[in-house]
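Residue numbers 1 to 774, in UniProt numbering, belong to the letters of the sequence shown in order.
Worth double-checking, as some hints may not be accurate.
As the list claims (entries may be wrong) - Across the chosen pairs, the derived CB separations fall in these ranges:
# : residue 1 : residue 2 : range
1 : A172      : E204      : 16 to 24 Å
2 : D744      : G461      : 52 to 60 Å
3 : G440      : R356      : 42 to 50 Å
4 : R429      : E68       : 24 to 32 Å
5 : E68       : R198      : 45 to 53 Å
6 : D744      : E767      : 35 to 43 Å
7 : R356      : P764      : 48 to 56 Å
8 : P438      : D82       : 20 to 28 Å
9 : P355      : P438      : 53 to 61 Å
Worth flagging that the hints you see were computed from the coordinates, not collected in a lab. If you're wondering where the values come from, they're calculated on a predicted model, not measured in any experiment. No residue lacks a Cβ here, since even glycine has one placed at the ideal position from N, Cα and C.
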Amino acid sequence: MYRFAGSAIAAGRPRPDRSSGTGGSIPPVCSALVGIRSGGLRVAVHAGSTGVVVPSAVVDAVAHRWWEIARETCFVPMSSADTEAEFRSHTSRLLRALFADPFSAEPGREVGAALVARRFAAPEFLGRTTALFDDAVLAPLGVPGASGGQLADLRSALVTGYTEAIRDQTLAQQEELRRADLAARAESDAVSRAHAARFRAVFENAAVGIAISEWDGTILEANPALQRMLGYTLKQLRERGLDDLVHRDGAFAGPTEVGLRSDSAGPISGERPLVVNGGGVIWAQLTTSIISPEEATFGNQDAERYQLTVVEDVTDRRRMRARLVHQALHDPLTSLPNRALFFDRLREVLVRTGPRDPVGILVIDIDGLAAVNDSLGHEAGDQILASVADRLTEEISRAGHLVARIDGDDFAILVGPGGYRGAAEALARRVLAVLGRPFGVGAHAIPVTVTIGVAEVDAAGTDASGLLRAAQTALEWAKGDPTRSWAVFEPGRGEREAARRRLAAAMPAALESGAFQLDFQPIVGLSDGAVYAAEALVRWNHPRFGVLDPAQFIPLAEETGFIVPLGRWVLAEACRQASRWRTSGPRPPLVSVNIAARQVSDPSLLNDVAVVLDRTGLPPEGLQLEITESAIVGSAEAPTEVLQALAGEGIRIVIDDFGTGYSNLSTLRHLPIRELKLAGPFLQGVASEQPAALPGPVGTALERRPPDRVPGADMDVVGALVGLAHTLGLSVTAEGVETAGQADRLRELGCDAGQGWYFASPMPPDEFAASLTR
Numbered sequence: 001m002y003r004f005a006g007s008a009i010a011a012g013r014p015r016p017d018r019s020s021g022t023g024g025s026i027p028p029v030c031s032a033l034v035g036i037r038s039g040g041l042r043v044a045v046h047a048g049s050t051g052v053v054v055p056s057a058v059v060d061a062v063a064h065r066w067w068e069i070a071r072e073t074c075f076v077p078m079s080s081a082d083t084e085a086e087f088r089s090h091t092s093r094l095l096r097a098l099f100a101d102p103f104s105a106e107p108g109r110e111v112g113a114a115l116v117a118r119r120f121a122a123p124e125f126l127g128r129t130t131a132l133f134d135d136a137v138l139a140p141l142g143v144p145g146a147s148g149g150q151l152a153d154l155r156s157a158l159v160t161g162y163t164e165a166i167r168d169q170t171l172a173q174q175e176e177l178r179r180a181d182l183a184a185r186a187e188s189d190a191v192s193r194a195h196a197a198r199f200r201a202v203f204e205n206a207a208v209g210i211a212i213s214e215w216d217g218t219i220l221e222a223n224p225a226l227q228r229m230l231g232y233t234l235k236q237l238r239e240r241g242l243d244d245l246v247h248r249d250g251a252f253a254g255p256t257e258v259g260l261r262s263d264s265a266g267p268i269s270g271e272r273p274l275v276v277n278g279g280g281v282i283w284a285q286l287t288t289s290i291i292s293p294e295e296a297t298f299g300n301q302d303a304e305r306y307q308l309t310v311v312e313d314v315t316d317r318r319r320m321r322a323r324l325v326h327q328a329l330h331d332p333l334t335s336l337p338n339r340a341l342f343f344d345r346l347r348e349v350l351v352r353t354g355p356r357d358p359v360g361i362l363v364i365d366i367d368g369l370a371a372v373n374d375s376l377g378h379e380a381g382d383q384i385l386a387s388v389a390d391r392l393t394e395e396i397s398r399a400g401h402l403v404a405r406i407d408g409d410d411f412a413i414l415v416g417p418g419g420y421r422g423a424a425e426a427l428a429r430r431v432l433a434v435l436g437r438p439f440g441v442g443a444h445a446i447p448v449t450v451t452i453g454v455a456e457v458d459a460a461g462t463d464a465s466g467l468l469r470a471a472q473t474a475l476e477w478a479k480g481d482p483t484r485s486w487a488v489f490e491p492g493r494g495e496r497e498a499a500r501r502r503l504a505a506a507m508p509a510a511l512e513s514g515a516f517q518l519d520f521q522p523i524v525g526l527s528d529g530a531v532y533a534a535e536a537l538v539r540w541n542h543p544r545f546g547v548l549d550p551a552q553f554i555p556l557a558e559e560t561g562f563i564v565p566l567g568r569w570v571l572a573e574a575c576r577q578a579s580r581w582r583t584s585g586p587r588p589p590l591v592s593v594n595i596a597a598r599q600v601s602d603p604s605l606l607n608d609v610a611v612v613l614d615r616t617g618l619p620p621e622g623l624q625l626e627i628t629e630s631a632i633v634g635s636a637e638a639p640t641e642v643l644q645a646l647a648g649e650g651i652r653i654v655i656d657d658f659g660t661g662y663s664n665l666s667t668l669r670h671l672p673i674r675e676l677k678l679a680g681p682f683l684q685g686v687a688s689e690q691p692a693a694l695p696g697p698v699g700t701a702l703e704r705r706p707p708d709r710v711p712g713a714d715m716d717v718v719g720a721l722v723g724l725a726h727t728l729g730l731s732v733t734a735e736g737v738e739t740a741g742q743a744d745r746l747r748e749l750g751c752d753a754g755q756g757w758y759f760a761s762p763m764p765p766d767e768f769a770a771s772l773t774r
């Protein structure tokens, strides 16, 4: 196994005290490579990070694969054992650099140069090497995935070091040519002829192309390598100048244009596209220097100077570089632009767009993809993602919009230039239509639903990060509303959402400080006007906003889970108040308490009810629990068992707001329910009149709230529901009764009880208790 030590350990400095209060964490300014244990390579990173372990067997596997590539592509005057040991050393160094913290790609550059120095120099070798160091290849060999773009950066650095070393080697060969020619001229004619022969041998046998030309670019000599590279004969090359070989899109910068003079200190170099025989194009690295007539063993000896140009084919290198850039900016699964490229394009659009012109983006979330992965496998999920990308590319990208994949199952669209205000919303509707058809995965036709967040603002009013955050916020709004597939970001709503979060955060302290209070609203028998129950309604006496109704904070409590402790308090306080009513008469009213869905599924509900009844002395028959039908219909069996246990103790179970949820009487008949409370909207079509006072058991006339008058009659519906409920042995209470006319019609329809502003508004406990004695 390998053992690597960072500077702190190698220098013998003391290790951190792992028994100290810091827990033995590595100081944040220092990272060290910690030794191997149990045959593994461990690289320690910054404090708080997790060490990455690469076993020795994995290092051996990667090194062996690399050695096989070298053996197949290069000729190296080394034994197999020495060669494999060389690649094992390089592999260890690259993997150590990959997981180092702080990360540096410099070891990749150094390894690339070392490969060239060892004569591992072949275009195919470099291409296969970069293909080896890819997550898709390394992962099956056991190498953990690297975070971010570190592996891509390391590959790029290796390619850079490799190609720079090749370039330096080429320049060294050129310098060798010059020295050989100078030496030949300085010696006797016999020695000169020998050196000239050596120069010619180097010239003829060099692996790179070499051309000697007049100062105006006319080619005098071209070695066989250049002839093979370009596909021209020597005669054809002599009929051309250097500038004739350069493609029109990469006009050659001749010596006089770039300042190459007879006294220039060194060569000039640059990449140019060259036209090969037949019309094709290759990319070449051209390195041009000046030689004197004496240095050249041919040509016009009276000329002042010649050009010596070394030509290296770098087409594969450029393709590899372009491929690496593409990989860094595109998603490998869908080939769409990734998050980084999307941000770059968005920033460009914000800069180019007028300050008052709209810029819009969409964030699209593929719903239910985890279920597909679990049921059909991740390959099926990937196939759906790729198909979504194909449809968006076909239907949306071609219309001028930029489509990107910015996260696992999230896509983003940048609305194309020249978009009108509202174009983003129109595009959202188009996306829903495009993705509305099922996707074929094997023999399955899988429907896919999406949720979309839309943000469209003036270019001057945001930046790229802010606009994306706005779209993601709108996406969360849409996800929170089951009736919507998309939502548009509204700055004011963002402030309201922040206010809701602050309100939710304040609820625990409000409960501790006694800021919650209960009001009670009578439930009145329609046949005799007697108060047989009272519903406990919680209020929040907020120090800033005053008294808040349940609708303003109960949904928040349900979202956050605070409804369980709040509901526990409401139950205890309602039963405590109800125990005071037991002396009000021979038939003291029940207390009716709302129980939320989370409370029904909470395992402590039975115990909570038992403890409260025991402490307050309220008999079970004096308690009525109101539960919405959505809290129990379609739930697991456990809530039903809880309701059976509560009913078995004598507690009345009532379905609240009937008609706003499943409204399935055939299902409810199997539950221990005693009563239905019809939701207020059912009464909107029942005959109504202006509110009036009702003299009765509650006492004085109260201020009434006028009802909304909705055309049409719901009397038949109410009558049918009352009849069905009575058939099942259930009593019926109508909520939201606001007029005498409504009360009369409900009585005629056989409804048992009513609750609403017509009878009495919610009132504090003392006031309600006093009303019972009047």
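Can you give the numbers of the hints that this structure goes against, from lowest to highest? 4, 5, 6, 8 and 9
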